Each structure stands twice: as C-alpha cells, then as structure tokens.
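Produce the complete structure using the sequences and hints provided.
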Amino acid sequence: MTTDRDSWRRSLAINRFREAENLFNRGDLDRALKRLETYVRDFPRGPRTDQALIYIGEIYTQKGKHKRGLLAYQRMLSSFPTSLYRKRARYGVAYSYWRLQRYNDSLKILKGLLSSYLKREERVKIYTLSGDNYLALERFDEAISMYIRAYQWAKGEGKTLALQNIRKGLGCLSEEGLLKLKEQYGGTVIGGYVEIALANLYQRQHRIEDIRRELIFFQKEYPDHELTKEAKDILTELEEGLEVVTIGCILPLSGKLAPYGERVLRGIKLAENLFQQNPGETSLRLIVKDSKGDPETGMQAVADLVEEGAMVILGPLGRLEAMAVAKKAQESGIPIITLTQREGITEVGDFVFRDFLRPDLQIEALVDYAINSLGLMGYAILYPDNSYGNMYKDLFVNAVKKTGGTIVGMEHYSDDLTDFQEIIRRLDATFCEAVFIPDTYEKIALIAPQFVYCDVQDVRILGTNLWNNQKLVDIANEHLQGALFVDSFFKNSPSPIIQRFVENFYLTFWEEPQFLEAQGYDAMQILLHIIKGHTPKSRSELKDALHNIKDFPGVTGTTSFTKTGDVEKQLFVLGIQGKRIIQLN
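In the working numbering, the protein residues as written are 1 to 585.
Quick caveat, the hints were computed from the structure, so don't treat them as lab data. Warning: the hint list may mix true and false statements.
In silico DSS-like cross-links for lysine-lysine, where the CA-CA straight-line distance does not exceed 27 Å [to be verified]:
| no. | residue 1 | residue 2 |
| --- | --- | --- |
| 1 | Lys63 | Lys168 |
| 2 | Lys491 | Lys550 |
| 3 | Lys220 | Lys111 |
| 4 | Lys119 | Lys180 |
| 5 | Lys550 | Lys579 |
| 6 | Lys402 | Lys550 |
| 7 | Lys159 | Lys87 |
| 8 | Lys87 | Lys63 |
| 9 | Lys168 | Lys108 |
Derived DEER-like restraints, expressed as beta-carbon distance ranges [said to hold, decoys possible]:
| no. | residue 1 | residue 2 | range |
| --- | --- | --- | --- |
| 10 | Gly255 | Thr564 | 19 to 25 Å |
| 11 | Arg426 | Arg285 | 56 to 62 Å |
| 12 | Gln481 | Arg285 | 46 to 52 Å |
All values derive from a computational prediction rather than experimental measurement. By construction, the Cβ of each residue, glycine as well, lies at the ideal position given by its N, Cα and C atoms.
As structure tokens, this is what we get:
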C-alpha cells in the first residue's frame, strides 16, 4: 500500500532526477554528474536510478574515464536487470571494454546485442563498434565486413561516416583481401573505395604500372564516384610529379652492437645529405629502423618498411639478424644490401646482396700481391687458435697453393700467450720469405719484436685489415718495415674520391671516418648512383640494376656485384714505411 510519504518521496526523486537530466541535456556535465551521483546515493532503488546510472556512465565515457563509466553501466545491469535501458547499458559496457583494449570482451557483448531486437541506428552503432574491435585485433577482413554492414543499414550522414570507416579498414588489407572485395563489390560505391585502396597499396609498394592500371580502370568504371577527383590527382602526380624513392635502413641502434650501427648510419646520412643538396628530379626519403641486434625485431622492420613503401633496404650488421632479415626481404620481394660477413648470405635469393669486406677477398688480394708483385713464394703461418685465426689460416693456405706458392710451416698459439720466441723458433725459416699472422694490431705489436731475438730476419710479415691502425706503427714500426696487409678503406689514399669523402665527413662530424662509416657511405652511394641514372619503377627493377653494378668507384674500393649478389672489390694493399702506413697498389 502506497502512503503519502512514499508518494512524496517518489515525487522528490523524480524532480531531483529531472533537474540533473536537464543539466545533462544542456551539456553541463560536471554539475549533472554531481546531481546524478547524489541522486543515486539518496535513491539507490529510485524510479529513475537506472536511467541516472546510464547518464553517469555516459558522462564518464565522454570525459575519457572509461573504468568509472564501465562500473556505472555494470551497476545498472546488475541492479536493474529488466530495465528498458538494458541495451543502452550493454552497449556502454562494450564501448568501455573497447576503450580499455578488452576487445574480445567487447565483441562478446556486441554479438549478444545483435541477437536482440534493434532499431536501425542501434544496429549501425553496434556494427561500427564491432568493426573497431576487429580493426584493433588486426582481423581486418572481419572489420571491413562489419563496417560494410553498418553502411548498408545507415542513412544520410551515417552512410558518410560508415564509408570513412570502410576506407580506414581498406588501408589495412593485403592485396589478396582487396582483390576479393573488388570482385565482390565491383560496380558499387564500396567497389570504388576498394579500387582507390588498391592504388594506394601499389603506390606504397612503388608498383607504378599497377597504380596506373587501377586508376584508369577506376575512371572508366566509376565516372561519378565521390573519389574521382582524388584518383585524377594521383594519376596526375604519377605522370608529372617528382619521383619519390624510399630507402629503408635496418641497423642495431640499441644493444651491444649499437656503436657499430651508429657508425654505419653516419656514413649513410652523409651520403643522403650530399644527395639532397642536388636531388635532380628524384625526391629521396630515408626511413631508419632499429633492429636492436635481434632477428625478430629485424624481420618486423622489413615488414614495416615494405608497408611504408621502401624500394630497398640497407643493413643489418649482425650475423644472426642478417640471415633472418635477408630471408624476410627475399620473401617480401624487396632488394636488400646486407653489411655482414655471414657465410652464404646471398644464397638466400636474388633479392639479397652483400657489400662488406669478406675474409676470402682479403686473403686473395694479399696473396696475389705478395706472389705476383713481390715474387714471394715460401710462407709460414703463425696464427691464434681461435675461430678468427683458424678461418684465416685455412683461407691463406688455399690461396697460396692456388696461386703457386708453398706453405713451409705452421704454428698456432693460445690467445693469452705473451712469449712467442719458442713458437717462432719452431718455424722453419730456411725457405720462408714471409710469415702470415692473422691477429689484432695489439698482438702484432707484441709478436713482431720477438722475431729479432729469434734471429729471423729478412722475412716479411703479412696480416689482415685488423692491422690498419696508426697505433701499430707508433708502437712497433721498426720491427714491421715492409709489412703487408689489405683493407677496403684507407683514409690517407691519394684517391680524390676518398679525399672528398674524408673532408666532407670531417666537416659534418668533426672527426675522421673509419671503415664502418665508409662502408655505410658506399652502400648508400651505390643506390644513389642507380637512382640518379634512371629511377627504378619497381623493386624488381632496382634489384636488376644492383645486379648490373660493375666497377663502381667507391671509397671502399672499386665495387661490383656478382650474379649471386655477392660483392667483388679491388682492395687497398697497404704497407708500413717508416712511421706511416702507405698504399702500395
């Protein structure tokens, strides 16, 4: 039985709610929220408490406080399970879950809502939010399906908003997905959007002929489409505008390899800066990705660069990541110039190249000069018993035998050895004209003086590019006169190309370049040489242009690529004369 007090209390509650509702409808959200929360506190089971909780949830949603909004919607559903506002609350929960990145929870509620009776505008909202969830989950096909359903149910301005969402989703689809939609929706408004999405995809991938084909088809099939002007503008830009070439770069810029990656990047940046001073008819864009020295991160960088429209990739450095990245690049059909000594890297496929000093190139150049220019025929090898020493020992033995020389003795030593006299005496110096020692310049500075104490004289000492350091000469020059080694970069070379590079590098970074900076600069210059000559229209065309590089005059030696994509270089033969390192060839 209803008493006068109950009637009075109900009337008071309704009046309080209406005051709060008026504030809500006028957009005075702060005052409305305060009144509504007071109402819910004072009348937890009041005649309008379910509606008040809806308003509270929607105010918090508008303020971006989605956790608090979610609590309001959930309280409404648990306290008023038969409320007329139940669908509105469930949608509020789904929306809050979406904003809180609980996408699957949101989709579960939305699917339940779709099984109930819905007005047209409610159905449009639910399909749209479902598409947003699928998009966030990168389930792009399902996202597009939801957006298209929203478009089919929408009217007026709702159709325009739905088309915007469709276009957003189309930009995430693969070529395969777009081609399926093209077949399914050809001749419709949506089909026109699919055509433009295909053209944009091909534009990112520098597939010029495919872009042109899609746009011409669009103009023919969709003459009155709202995107007709956009299609015409893209086609005009394609025919008349500057050609933009995007070069991707994957280097370890964090982690233990970061110092090496940074040095390579400085060389690349210098080449880019010099190109930008006189770009001609080509616009250059450089995108740099940090691989962190990690294969998985490097592979993702390849995928990102392909999506961002890179024509070619430079890098990476590390042996493990280089192989993983090379395989991903080959799979993606994008040419890559790796900067690694990793064995077999170019065997991955025809899109994979290497521009880096290989051990076998080093030894072949060293032995060729020693035998054919100096006439040295008898060799001994003194090498560290580690992976580096054993690899270079084997390469040297094979190169000497192949070139007609003779190995007269070999001895190895442990990395921690400091007294080498016993090992040196064990070498048979009777027919020995040169001793090859593949070790660091610090170790050579320790070994070389001990030859004198062992009465081993008139023997040349040969080494690797690890000797190319002025500190070696400063420490042990009197014991290394006539010593011989090779490298792919010599900053004191009289070559005008190298002198200009050294000068430009110094003016930019206020220090002299070393091998890695020169290597990055050269790899970039090869690409710029191709671009300036004839800008490739596709990745495949750029790949073919790289295979045709012959005798490129680089700062790391005259460079060519073999049929397999590996590098051939004319290296610098270096020697020690007085207190200087000099170029001999």
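Verification of the supplied hints:
{"no.": "1", "hint": "Lys63 x Lys168", "verdict": "holds, 25 Å"}
{"no.": "2", "hint": "Lys491 x Lys550", "verdict": "holds, 23 Å"}
{"no.": "3", "hint": "Lys220 x Lys111", "verdict": "violated, 40 Å"}
{"no.": "4", "hint": "Lys119 x Lys180", "verdict": "violated, 31 Å"}
{"no.": "5", "hint": "Lys550 x Lys579", "verdict": "violated, 36 Å"}
{"no.": "6", "hint": "Lys402 x Lys550", "verdict": "holds, 25 Å"}
{"no.": "7", "hint": "Lys159 x Lys87", "verdict": "holds, 23 Å"}
{"no.": "8", "hint": "Lys87 x Lys63", "verdict": "holds, 22 Å"}
{"no.": "9", "hint": "Lys168 x Lys108", "verdict": "holds, 23 Å"}
{"no.": "10", "hint": "Gly255 x Thr564: 19 to 25 Å", "verdict": "violated, 30 Å"}
{"no.": "11", "hint": "Arg426 x Arg285: 56 to 62 Å", "verdict": "holds, 60 Å"}
{"no.": "12", "hint": "Gln481 x Arg285: 46 to 52 Å", "verdict": "holds, 51 Å"}
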